[in-house]
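Participant: Chain residues, written in single-letter form:
Number of protein chains: 2
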Amino acid sequence: MIKIAVMGYGVVGSGTVEVFYKNLKSIEQKIGDDIDIKYILDLRDFSDSPYSEKFIKDFDIILNDSEVKIVAEVIGGLDPAYRYVKSLLQNGKSVVTSNKELVAEKGAELLKIAREKNVNFFFEASVGGGIPIIRPLHHCLSANEIDEIAGILNGTTNYILTKMAEEGTDFSDALSQAQALGYAERDPSADINGADACRKICILASLAFGKHVYPKNVHTEGITAVSTEDVQYCKDFGGAIKLVAWARKEEEKVAVMVCPAFISESSQLSTVNDVYNAILVRGDATGDVIFYGKGAGKLPTASAVVSDIIIAAKMTGTSKSLYWEDSSELFTVDYKSLSNKFYVRLVCSDKSKVLSEAEKCWGNLNILRRNDELPNETAFVTESVNEEKFAADCRSISEYGEIKNIIRVLDY
Amino acid sequence: MIKIAVMGYGVVGSGTVEVFYKNLKSIEQKIGDDIDIKYILDLRDFSDSPYSEKFIKDFDIILNDSEVKIVAEVIGGLDPAYRYVKSLLQNGKSVVTSNKELVAEKGAELLKIAREKNVNFFFEASVGGGIPIIRPLHHCLSANEIDEIAGILNGTTNYILTKMAEEGTDFSDALSQAQALGYAERDPSADINGADACRKICILASLAFGKHVYPKNVHTEGITAVSTEDVQYCKDFGGAIKLVAWARKEEEKVAVMVCPAFISESSQLSTVNDVYNAILVRGDATGDVIFYGKGAGKLPTASAVVSDIIIAAKMTGTSKSLYWEDSSELFTVDYKSLSNKFYVRLVCSDKSKVLSEAEKCWGNLNILRRNDELPNETAFVTESVNEEKFAADCRSISEYGEIKNIIRVLDY
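Here the protein sequences come in this chain order: A and B. The first sequence begins at 1 in my numbering and counts up by one. The second sequence begins at 1 in my numbering and counts up by one.
Keep in mind the hints are simulated off the structure, nothing from the lab. Take these hints with a grain of salt, some might be off.
With a cut-off of at most 30 Å between alpha-carbon atoms, the simulated DSSO-like pairs for lysine-lysine come out as follows [stated by the list, open to error]:
#1 Lys-117(B) to Lys-320(A)
#2 Lys-314(A) to Lys-211(B)
#3 Lys-320(B) to Lys-38(A)
#4 Lys-86(A) to Lys-211(A)
#5 Lys-314(B) to Lys-320(A)
#6 Lys-341(B) to Lys-235(B)
#7 Lys-249(A) to Lys-211(B)
#8 Lys-211(A) to Lys-25(B)
#9 Lys-25(A) to Lys-112(B)
Which residues of chain A face chain B? A partial, calculated answer using Cβ under 7 Å [unchecked claim]:
#10 Asn-273
#11 Val-275
#12 Val-289
#13 Lys-294
#14 Ala-296
#15 Ser-303
#16 Met-315
#17 Thr-318
#18 Lys-320
#19 Ser-321
#20 Val-385
#21 Ser-396
Every residue, glycine too, gets a C-beta built ideally from N, C-alpha and C.
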């Protein structure tokens with residue numbers, strides 16, 4: 001009989017307990033042993049719960065119970081999750097988690113402790129909810145060099161951008177709708193400013209490229225500046241605006257960024273709508289592989305947690321290859337050294353002057369149109385240009401017109 | 001040092017050797033041991049190959065070499081692959097294979113021998129080429145009840161259908177193009193008659209539902225009857241024609257079918273084009289998850305074979321849960337008892353008569369239009385109707401008009 005504990009009884013925690021007991025018979029078949037939840041840690045009172053006798057409020061009970069071999073951490077956030085998980089691993093218990101912030105900030109350190117203690121630290125649920133991605137990526141890696149990963153990793157922002165594209169809703173109304181439907185939190189900042197997607201691409205990039213990519217070293221832009229005008233111009237471009245988190249190998253380093261982007265309609269990513277997520281993995285042998293599904297939600301995320309529990313229960317000893325090393329900030333390329341195509345929207349008194357200056361800087365421009373275009377408005381897509389040069393060019397172009405928005409054009 | 005053998009040095013076999021040696025260092029890191037290919041079995045002469053000293057023509061050398069622990073079978077077909085694989089497993093060697101025919105016809109028997117001998121029989125490469133699907137499905141299963149699987153599992157037919165939809169090419173020209181590009185074999189029958197897709201859905205259904213689904217019990221229709229007219233009507237319907245292989249749980253049984261189908265453009269499957277494959281897995285906890293990528297090709301398939309080799313090398317003892325039992329034909333539901341919506345195209349002298357008869361049989365009809373529609377031609381989509389009743393109705397409708405084609409309308 002294997003005893004486990006679940007820390008946190010919020011949305012994912014209660015889902016984990018639900019999925020666990022619903023599938024207990026098949027789980028035990030897969031493990032080849034009996035298994036049960038011994039403790040559920042939560043500071044709140046759940047005396048009415050059918051599992052009321054399992055609830056505890058004192059973390060040390062789990063830490064010091066040698067019978068508990070596997071702990072699911074579904075509290076979220078860094079404090080106290082980081083402290084708890086670190087102590088558990090140091091005490092020789094395997095931990096599975098859905099906590100993307102924890103893995104993105106502390107993954108290398110926790111994986112190292114897990115390896116030293118010969119236990120497992122698994123985190124399938126931290127990216128893509130119920131989409132199997134961590135483990136397939138890990139398996140892909142064995143016979144592939146991963147060149148690039150690009151994902152729509154945040155369901156809230158994808159819902160907002162879908163509403164804006166399909167119904168012409170403006171950003172703030174689309175956000176309100178997302179909140180009303182429970183897709184966005186009351187404080188939606190981590191979603192709309194890109195921080196959530198950033199954590200997730202850090203986890204994927206760390207695994208794919210073998211060294212920790214820290215969120216603070218990733219250039220991250222959210223979607224708050226995306227306007228209905230941009231959405232309309234993107235339709236003329238022939239695509240959709242998506243919040244894309246991407247990471248690419250650059251010799252011994254990695255380039256990583258989170259930004260709203262024009263995605264051509266010929267890309268599978270352009271048709272990923274509503275709260276769905278998709279992750280494109282570009283391997284040298286497999287080519288492009290895409291994983292698609294609901295990136296959040298109680299049961300999808302819980303099912304990923306339970307899958308990890310099962311694998312942790314089946315494995316003896318630590319997974320040697322589901323691992324990455326720590327790194328310095330030198331591991332990430334300064335985004336200013338990268339090159340991209342850019343969409344630029346501006347207002348100006350003399351269009352032909354602005355466009356001729358822009359052509360001097362950025363090569364042939366793909367001029368875009370929209371209905372209801374204002375007489376003094378223009379928008380175009382540049383050729384590929386270095387980020388730093390582009391920013392400097394923008395300052396000089398600003399003499400001739402007011403740049404209203406800039407969005408990268410990515411080719412996935 | 002782990003010694004392995006590769007049987008078959010065709011497209012996938014030579015790719016397997018290539019991917020193996022290209023990634024040898026990272027493979028050995030993952031396994032935590034040295035590994036090498038000791039033998040390559042092929043009846044042809046490869047004395048110019050850099051691996052010429054490894055080539056053998058006598059299978060018994062591999063069978064009787066106790067140093068060889070893992071064998072990759074990439075010969076294809078049932079004979080001699082079945083005989084070889086069976087003997088290898090019985091002799092206590094693990095086998096990994098890309099051979100869909102072998103797994104679809106003999107999977108239950110071979111998995112049983114593998115379990116008895118405590119070795120592994122893996123087949124990630126048999127479905128979806130380089131798309132990780134067998135193992136993610138297997139992991140999904142632990143915390144999910146799989147309700148349904150639907151896939152575009154054959155790249156050749158998907159290429160043909162894409163050409164027909166995008167360029168108005170007719171079936172035989174599109175097939176010729178596929179052959180010229182090497183996407184279709186000189187004898188394309190197993191692709192275009194659905195047999196290849198049938199084998200693959202049998203493997204996925206067997207794994208998902210726990211009992212062997214045999215190809216002979218699966219109602220299988222190919223795409224040879226699909227015409228440019230059908231493609232045009234499908235555009236008016238708002239979707240695309242795809243060859244869909246699907247399996248659905250029906251209480252203690254499974255319903256499985258391979259058929260061309262109208263797929264609404266709101267479905268992710270409708271935008272899977274060219275030689276790409278996609279597999280939708282509908283789980284009770286995860287919801288819909290889709291796996292997308294190149295379903296064939298030398299390196300994608302080889303990378304899946306090599307991934308399996310790595311896992312076989314890391315595992316001690318057989319995988320207990322990557323398994324299904326044998327079954328009788330009673331495990332599959334007779335397709336005649338199922339219900340579906342149908343697209344019907346017919347020519348007739350009296351349209352209103354035909355349509356009123358059709359409405360009596362099949363409820364409200366969604367009448368479709370196309371450019372260049374002939375005066376005596378009509379096409380529509382029915383409501384959901386039992387397959388057997390529909391077939392009988394078609395016979396009576398035929399008194400009023402000639403039915404030119406029938407295609408199911410599936411909702412994925």
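Participant: Indicate, hint by hint, whether the structure satisfies it.
Facilitator: These are the hints, each one checked on the structure:
no.	hint	result
1	Lys-117(B) to Lys-320(A)	26 Å, holds
2	Lys-314(A) to Lys-211(B)	23 Å, holds
3	Lys-320(B) to Lys-38(A)	25 Å, holds
4	Lys-86(A) to Lys-211(A)	20 Å, holds
5	Lys-314(B) to Lys-320(A)	10 Å, holds
6	Lys-341(B) to Lys-235(B)	17 Å, holds
7	Lys-249(A) to Lys-211(B)	43 Å, violated
8	Lys-211(A) to Lys-25(B)	17 Å, holds
9	Lys-25(A) to Lys-112(B)	22 Å, holds
10	Asn-273	9 Å, violated
11	Val-275	10 Å, violated
12	Val-289	4 Å, holds
13	Lys-294	5 Å, holds
14	Ala-296	11 Å, violated
15	Ser-303	4 Å, holds
16	Met-315	10 Å, violated
17	Thr-318	11 Å, violated
18	Lys-320	6 Å, holds
19	Ser-321	4 Å, holds
20	Val-385	31 Å, violated
21	Ser-396	41 Å, violated
Hint check: violations occur at hints 7, 10, 11, 14, 16, 17, 20, 21; the rest are consistent with the structure.
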